[in-house]
Amino acid sequence: MSILVGNGTRLAIQGITGHEGMFHTQQMIEYGTPVVAGVTPGKGGEWVHGVPVFDTVREAVNTTGANTSIIYVPAPFASDAIMEAADAGIQLIVCVTEGIPVLDMVRVCHFLDGTDARLIGPNCPGIITPGEAKVGIMPGHIHLPGPVGLVSRSGTLTYEVVQALTDRGLGQSTAVGIGGDPIIGTTFIDMLRLFESDPMTGHVVLIGEIGGSDEERAAQFIAAEISKPVTAFIAGRTAPPGQRMGHAGAIIEGSEGTAQEKIATLEAVGIGVASYPAEVADLVAERM
Amino acid sequence: MSILVGNGTRLAIQGITGHEGMFHTQQMIEYGTPVVAGVTPGKGGEWVHGVPVFDTVREAVNTTGANTSIIYVPAPFASDAIMEAADAGIQLIVCVTEGIPVLDMVRVCHFLDGTDARLIGPNCPGIITPGEAKVGIMPGHIHLPGPVGLVSRSGTLTYEVVQALTDRGLGQSTAVGIGGDPIIGTTFIDMLRLFESDPMTGHVVLIGEIGGSDEERAAQFIAAEISKPVTAFIAGRTAPPGQRMGHAGAIIEGSEGTAQEKIATLEAVGIGVASYPAEVADLVAERM
Amino acid sequence: MKLHEFQSKRILAGFGVPIPQGDVAPTPAEAGQIAQRLGGPVVVKAQVLVGGRGKAGGIRLAADAGEAEQVASQILRMTIKGISVNTVLIDQAADIREEIYMGITLDRANRKPAMIVSPQGGVEIEQVAKDTPEQIFKLMIDPMLGLMDYQIRNLAFDLGLPRVVIRQFTTIGRALYRVFIQSDDTLTEINPLVITSDERLLAVDGKIVLDDNALFRHRDLGELRDVQRQSEAERQARQAGISYVKLDGKIGCMVNGAGLAMATMDVISLYGGQPANFLDIGGGAKADRVAAALRIILSDPNVKSVLFNIFGGITRCDEVARGIVTALNEIEPQVPMVARLVGLNEEEGQQILADAEMATATSLVEAAQTAVELASG
Amino acid sequence: MKLHEFQSKRILAGFGVPIPQGDVAPTPAEAGQIAQRLGGPVVVKAQVLVGGRGKAGGIRLAADAGEAEQVASQILRMTIKGISVNTVLIDQAADIREEIYMGITLDRANRKPAMIVSPQGGVEIEQVAKDTPEQIFKLMIDPMLGLMDYQIRNLAFDLGLPRVVIRQFTTIGRALYRVFIQSDDTLTEINPLVITSDERLLAVDGKIVLDDNALFRHRDLGELRDVQRQSEAERQARQAGISYVKLDGKIGCMVNGAGLAMATMDVISLYGGQPANFLDIGGGAKADRVAAALRIILSDPNVKSVLFNIFGGITRCDEVARGIVTALNEIEPQVPMVARLVGLNEEEGQQILADAEMATATSLVEAAQTAVELASG
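Residue numbers (our numbering), protein chains in the order written: chain B, 1 to 288; chain G, 1 to 288; chain A, 1 to 377; chain H, 1 to 377.
Please keep in mind that the hints were generated in silico from the structure rather than gathered at the bench. One should not assume that every hint holds.
[To be verified] DSS-like, lysine-lysine: derived pairs with alpha carbons at most 27 Å apart:
id	chain 1	residue 1	chain 2	residue 2
1	A	Lys-130	A	Lys-2
2	H	Lys-112	A	Lys-112
3	H	Lys-81	H	Lys-246
4	H	Lys-2	H	Lys-138
5	H	Lys-304	H	Lys-286
6	B	Lys-43	A	Lys-138
7	H	Lys-112	H	Lys-130
8	G	Lys-43	H	Lys-138
9	A	Lys-81	A	Lys-130
[What the hints assert, rightly or not] Covered by chain A, per the in silico footprint, the following chain B stretches (three or more residues, Cβ under 8 Å):
id	stretch
10	45-59
11	81-89
Glycine residues also receive a C-beta, built at the ideal position from the N, C-alpha and C atoms.
Looking at chain B on its own, in the form it has when it is part of the complex (with noise of 0.2 Å):
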């Protein structure tokens, strides 16, 4: 099996009586994930797209059975939502909502620390295990199954780089887009062990951008642990410093959090990086 989300799936959408809640989920279940249950407080027992709705988390685990779940929620609520299904017992939450206030991420990972549950997001598409499963907003049509894992602070990007494995007949084993917020739940150092250990993943690329230093801190650790390859791609090489790039995370603040720093760091420790976003494909396939 493949990481993370697969045929084990038991699907729980928080947010499935709202419009993206519910257009995704008729997504999902087309690219035949086991969507089980849906959650809205005060919509229990409405049925949408043939999956039952329930008040909260707690019943929607002790009916289904559900182990994951996906959130669409507004993001003034979005951080109760993620502590509510950890809470439940859900082991894997998606959170696709932009817009959480970092300080409410800052008490989310606190909590979560105390929990077994995996936080992926917040802003974010989710994750996908072409053929198996889909838990996010991507476009599955473009994925193909295959050895490559993905993983990605982006969104389009993402698809962007999907495409150009797919074209050249590269699959991917899993993709994970981990959310463009300062602060999220997994990181690229998260998924790279996850990677490592998966038998299914014979190749590993990382999509980065600017803000922060998960990339540096992810390139030490694919020097010390992973005996993968690992191929990268770093956004934002033309950006100003002090600026906000779209992603709240996505910001140069002072000399940190630069591309070329990032780029830099990569190339110290021996993984290639891509000038454009389709070159990810070229530099896979050279070394499979």
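Starting from the structure of chain B, add chains G, A and H where the hints point.
Below, chains G, A and H alone, put in the same frame as chain B:
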């Protein structure tokens, strides 16, 4: 060696320049306690009874190797002093201060959960290993080295029992006042565990009072885990419900926390409960 | 420190909890004016800091302003559990469909605040816990994270509340926790929290107990203390920093240390007497404090003898004895007394007391027996 | 969202941080009046949301009200880093003995707030960190427990502050953390925090950066946004929910997704061009948003060509193309454009654009190359 304090103690006194701190510093030095440092922010560089004063516990620990501290700091600042001590690496913290807000203690206990430090108190007389070291405010001269381990929620009531034991020639291994507040660091169960594994302790005396259910939990723990004989006294058989009896923790709430309930629970697991303080010594003597 | 219902509800309202419109009045005429202003039926409620007001007839409905004035005049003449009613609260009567309970208290064993809710509101929660424990839902609150909305929602669904009130319930739960934390409470309670027939939630009664130890950071709340309703003895004790609780017996006692004071009461009882009070004079035993404590004890006309039980410890007993003698000379008490002093120089101390014609004892048991004898003599 | 110095200092003062007496003025005359009122020497400071005001001459001392008015009139005519100065702050001049730095920011790697202090105040802290890292003291704050007094005291002793100011320093540190938490900041900074010659601490300059994502719970703070000083393009982008950052190049770009938008800029640069902006139109690509984005891009006179890079994903490309055509018809842009559409029905989408006489490309590299050619053509 006896438990918690002894020849290995290196004591720092927080609030050493205050009236109470100064007085008891002298008392503890006279008893033979190794007092190595005092702490009062803003008074670093002064000396009290030959003890050097530092501005911070961190500095006191770094300079003198203090491993134990006792706190004579006014209630509004005491919780900060406890956390400062734990953060500086102090292993055993005795807090004498009375009147600390209970929500401050909730915070302190949570903080201490993440450290190796043990807190005794607050609102307690401290701890003494007769003949070795006294870290507290109890009268040293009434104590006698010997086999009885004593743990109590009170101050003078403990002295009363100690005096009765000493008068009968029953010495004490270690005597600890764990404090009269609703939320305290070290509980009866913690102390029972230490006495159980202490080869110097042959008999345990537990002195409880109305309020909470620590004595009831201790009774269950004794039944399950303690092989040494235990004798108890519970104060407050005549206390009315709903009224705070001096100690913040000594209050019968609804029907919870009565002396009758505590005595019944202790007796139900075979523990002898004295009807007046001095009778504790009789009961101990009977079983020695 | 307990707050009155009207004080508690005002605080709750300040944090966004909906309460009935109303106001307090010290006289029937003012009660009538408030009822007039509110219009429609009102509830007239005695403001006393004891439980069981309802059973005692201290809470009554009035159909209009005239009846409100009349009912208020009756309630303002009442004495409930020994406390005379000086103030009534006039609240707009609510149209009640259901009564629930919501409270936050400190769970000592878990060292955390806990929220308790029950569909059985309007009665004492301890009674519900005893009779129908399955009707009690308890939630531990992580004191560092605080109370989360989803936790309150889970409680709402535990209670099976109608959907339309769940958002209000969550808002009120959040407010209750903020009150608990921000005013340093040991109990913050809405009982009953009612669902009205037009599906609104309303805190019809509220109770706040403040942590005395935290009053130093809540001057404003400390000022809510009901000085008028305190006994003179309680007032003096507080002023002198003495812990004092009046009881019903005949033997006054003055002890240093709370545990020893309770044990002293117990021993008096063990030997057939009844303590007239709990009193802890605290550390040391200076003459002025002894005098203050003695005045407080003797202000109770039931007291027939007084027992001093002082474990000197580090303090020298001769000093303590001199303090006692000074106080005795000042007050010249008319009841017999027995003193037991232990600590450094205890013989010398006992001699000083004996010279002052005070009975002395060496053990607590002996002192208690003497005090019992003196009280019945 | 950055706040002005005077706004930041007012917020800090509201939490008990001592700041110099002063006020803001939009005209030299008012500046003079404020200086008159304050008496003595004052500092006149340009209120612009860019760094390096001091070096640019935007902060100047004035000995009296007359000089203040004169200096203000000079500063109010200035343009600092492209921003014209509309307001000056007139502060009472402080008698400075030492300048220290105190700031709280979010440590992303540790997921915690961190307090940073340094004895090197009055200069950019990043510079201090680079040049003399041993002069930086950093403290991680447990977000659940908050900042403890002893931690602030430890920092005070790390800094070797004079004893007499340590209590003030602790109070200010506590206040700074409260501001950080209660207004949801990503940076709360006092720089310099000065020790005056009479041994008081004074926040001579302050800076607050708010978390944009948290503005929904701080309506009052959101209103502090300096609308006047924003470019029209920024204002429109915010209104349309579009992320837009103006840059200095000639090639405008419109992309869906922030990462892809950055990558698009990078590829333009890789092929010898220079992006005129970062622009993320967000999910979908409805005609009205495309039109708004296009207007924003074209409001920059430097733009010589525009690149559309839309990865449709789940959205159908023919729909996106029709949206673009509708927008083009409405705006009738005069610069050449190239579009690259990927996703469902991408051939159909490209056909629609080609029919509208727009250049199309299948890969990002091809699109970038075309855009560069178009811009230099």
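Exercise for the section: Against the earlier hints, flag every one the structure doesn't satisfy and list their numbers going up. Expected result: none
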